[in-house]
Each structure stands twice: as C-alpha cells, then as structure tokens.
Amino acid sequence: MSCILRPEVIWIEGRCYRINDPNTEISALQEHDLYEDEITFQDAGDDESYDDFEIIEIDSNRFATNLHVPKHYIGAIIGKKGVMRSRIERDTGTNIKIPRQGEAGDITIFGPSVTNVKAACRRINIIVMSSRMKQKPTHFISIPLNTPTIMKNFEKFKETVLQEVKDLDESLFIGAHKLHITVGVMCLMDNEERLQATKLLSEAKDQIIMPLLQEKLPLQIRLKGLSYMNDDPKNIHVLYANVEDEAGTDIIQRLADDLVNFFHKAGFMRNNEYGRDRVKLHVTLLNSKYRSKSNSEETSTNGRKVKEPFDGSQILNKFVDYDFGVTEITDVHLSQMKTMGDDGYYQPTFVVTLNKN
Numbered sequence: 001m002s003c004i005l006r007p008e009v010i011w012i013e014g015r016c017y018r019i020n021d022p023n024t025e026i027s028a029l030q031e032h033d034l035y036e037d038e039i040t041f042q043d044a045g046d047d048e049s050y051d052d053f054e055i056i057e058i059d060s061n062r063f064a065t066n067l068h069v070p071k072h073y074i075g076a077i078i079g080k081k082g083v084m085r086s087r088i089e090r091d092t093g094t095n096i097k098i099p100r101q102g103e104a105g106d107i108t109i110f111g112p113s114v115t116n117v118k119a120a121c122r123r124i125n126i127i128v129m130s131s132r133m134k135q136k137p138t139h140f141i142s143i144p145l146n147t148p149t150i151m152k153n154f155e156k157f158k159e160t161v162l163q164e165v166k167d168l169d170e171s172l173f174i175g176a177h178k179l180h181i182t183v184g185v186m187c188l189m190d191n192e193e194r195l196q197a198t199k200l201l202s203e204a205k206d207q208i209i210m211p212l213l214q215e216k217l218p219l220q221i222r223l224k225g226l227s228y229m230n231d232d233p234k235n236i237h238v239l240y241a242n243v244e245d246e247a248g249t250d251i252i253q254r255l256a257d258d259l260v261n262f263f264h265k266a267g268f269m270r271n272n273e274y275g276r277d278r279v280k281l282h283v284t285l286l287n288s289k290y291r292s293k294s295n296s297e298e299t300s301t302n303g304r305k306v307k308e309p310f311d312g313s314q315i316l317n318k319f320v321d322y323d324f325g326v327t328e329i330t331d332v333h334l335s336q337m338k339t340m341g342d343d344g345y346y347q348p349t350f351v352v353t354l355n356k357n
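Just so you know, we're using full-length UniProt numbering here: the sequence shown kicks off at 1 and counts up by one.
Treat the hints as calculated values from the structure; they're not laboratory data.
Note that this is a predicted model, so its numbers are computed, not measured.
Idealized CB from N, CA, C, for every residue including glycine.
Okay, derived cross-link-like pairs now, DSS-like style, lysine-lysine, Cα gap no bigger than 30 Å in a straight line:
no. : residue 1 : residue 2
1   : K178      : K156
2   : K289      : K166
3   : K158      : K318
4   : K265      : K205
5   : K216      : K280
6   : K318      : K178
7   : K158      : K280
8   : K199      : K265
9   : K199      : K338
10  : K136      : K234
Label-pair ranges, simulated between beta-carbon atoms:
no. : residue 1 : residue 2 : range
11  : K134      : G105      : 20 to 26 Å
12  : D321      : M229      : 17 to 23 Å
13  : D343      : D311      : 29 to 35 Å
14  : P211      : K81       : 46 to 52 Å
15  : Q253      : E54       : 37 to 43 Å
16  : E308      : T339      : 24 to 30 Å
17  : I74       : D250      : 38 to 44 Å
18  : N95       : M229      : 46 to 52 Å
19  : E164      : D342      : 32 to 38 Å
20  : D342      : N261      : 28 to 34 Å
21  : E159      : Q135      : 35 to 41 Å
22  : D342      : K134      : 31 to 37 Å
23  : V83       : S292      : 44 to 50 Å
Please put together the full structure from these sequences, using the hints given.
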C-alpha cells in the first residue's frame with residue numbers, strides 16, 4: 001500500500017500528477033483523482049512543454065493534432081461504454097477520433113483552440129502513463145559488466161560454490177555473459193515508444209551522462225561482497241554482488257539515480273521501485289527465477305505462480321567477501337528483456353558509449 005504522505009506520482013511533459021492508488025485500474029470514478037491538480041483548460045494558457053506536438057489550424061476556430069498511443073492502451077482511453085473519452089471531450093471541449101479496432105493510425109484531437117487540444121493531450125497521456133506502470137517491463141537500462149576479468153572470476157566463483165555447497169541447483173546462476181547493473185525498467189509497447197526511449201537515452205548522454213562522467217573517465221568499479229534481497233538467508237530469491245566505485249566516490253550512484261529520474265519525468269519509468277529513494281546498485285549472481293523448469297517446485301497462490309526460494313546461508317558463510325575484481329564501465333544500454341544478442345548479452349535497442357570528447 002502506498003504511503004498517504006508520499007503518494008505515487010507520474011510525470012507528463014515536465015508536469016507532476018498524483019495517483020491515489022497505482023495498483024487499481026483506472027475508471028471513470030478514479031479519473032478525477034488523476035486530474036484534480038490539473039488547472040482548467042480555459043486558464044491553462046500557452047503550455048511550452050507541449051511544443052513537440054504539431055497542432056495545426058484547420059480554419060479560424062478549429063485546431064487539430066495527432067497523438068500516437070500504442071494499441072494496448074486504447075481501451076483505457078475509451079473507457080467502459082466510451083465514458084472516459086466522453087469525459088475528456090466534455091472537460092476539454094474537444095472531439096477525439098480514435099482508430100477502430102484493427103485500423104492503423106494515431107488518435108486525432110480536434111478543438112476550438114490550441115489550449116483545448118493541449119489539455120486533451122495531457123489527459124490522454126496521464127491515462128497512458130498510469131496504465132504503462134501496471135505492465136510487465138519489456139526493456140531496461142543496463143550497465144554491462146561482462147568483461148573478461150569479471151566473467152573469469154564469476155565462473156571461478158560459480159565452480160567453487162557448486163563444489164562446496166551441496167545440492168545447490170546450478171541453474172540458479174546467471175550466465176556470465178549477462179552480468180550487469182540494472183538501472184531501471186520500463187514497458188515499451190511498440191516501435192514508436194522504442195524510438196522515444198532511444199531518443200531519451202541519447203538526450204540523457206548529452207544532458208546527464210557525459211557532463212557527470214567527463215572528468216571521471218575511465219570509470220572503474222569493483223565487484224566485491226555478497227548480499228541478498230530479503231531478511232532470511234535460508235530463503236533467498238536474489239543473491240547479488242555489491243558494486244563499489246574504485247575511486248571511492250558516489251558517481252555510479254548519482255548516474256543511476258539521475259537516469260531514472262530523467263526517464264521518470266518523461267513518463268517511462270518509476271523512480272521509487274520497491275519503495276526505495278535511490279537505485280539499489282547490485283549485480284545479480286543467483287536468482288530463483290532462473291531455476292530450470294525441470295527442477296522447479298513452483299506453488300500456486302490465488303492463481304499466481306510463486307517461485308521457490310533457495311538456501312543461500314552456506315554461500316554467504318563461505319564467500320560473503322568474495323572479490324570479483326575491478327572493471328571499467330564503457331557502455332550504457334537500453335536493453336531488451338529475455339532477448340539475447342550474438343555475444344550472449346541482452347539485445348540492445350540503443351547503446352551509449354562512454355568516451356572522452
């Protein structure tokens with residue numbers, strides 16, 4: 001349950017909106033809560049944050065724009081029996097044309113002024129962004145750590161652990177070529193959204209990544225020490241290695257936090273995953289979800305599969321201070337989940353290379 005004093009928020013084009021309960025579906029009754037901090041469209045004035053929308057004047061008192069929305073979210077915009085679309089049209093004084101099922105094309109919004117059209121765009125985007133946060137992620141921003149040194153030390157760690165810890169399922173280990181830091185996850189539903197996320201990461205390189213790292217390159221980190229995500233070492237789902245900046249600064253933490261905040265403000269990513277204020281920097285080594293189906297003993301709770309945890313107490317007792325070595329960070333990726341490239345790492349949608357100008 002979200003904290004009343006710290007409610008869930010989403011950012012739309014630089015504006016912040018509160019969501020009372022992000023775990024519930026959007027309905028016509030809840031729509032007021034999403035919009036209650038929005039000023040009325042008659043008083044909105046010229047909103048520079050929507051200059052990216054090309055709003056054309058059809059005649060002296062009619063304006064229009066096209067708005068791309070993935071097909072997956074069209075139903076939420078229409079609402080049950082068309083209630084949601086009707087309310088947006090009524091509140092903003094616009095007419096919204098939505099492609100029929102099976103038809104290609106964007107949503108077209110008609111209104112008596114630029115301000116009316118912008119107000120409708122904002123409301124549609126709020127619905128899209130809120131719905132997006134309920135979807136399973138398809139992509140994530142990652143920092144690859146599959147360098148020769150780290151992979152070699154990881155394979156040695158894996159071999160030693162399997163020798164010394166009896167009855168540990170080998171399939172729990174991540175593949176060495178997939179070692180990485182996860183900065184943040186997001187759901188991108190179509191090619192247009194993938195292009196938007198690519199553009200955002202490219203902009204982040206110029207606005208965040210290189211200004212922050214320019215004088216710090218080459219950037220080296222050490223992977224050392226083991227930890228886990230829950231409170232019981234005998235019932236672990238994720239066992240990970242700690243990330244340390246070799247120079248003793250917090251530059252990696254700042255980079256991760258700033259990237260998440262950047263994508264959060266664009267409406268693509270949460271900035272408080274699992275209730276944390278900062279990104280949890282870690283490199284997953286073992287995960288219960290990696291367990292092979294043949295060795296899995298999943299149980300069902302309310303129709304949902306529950307992964308079987310593993311006992312990591314012996315691993316922690318024997319290898320808690322294990323040093324995987326030092327490596328240089330050279331890239332930041334927009335990676336596809338569950339899709340591998342030819343090199344064994346997650347297939348990249350876009351790559352930012354860290355190099356001095």
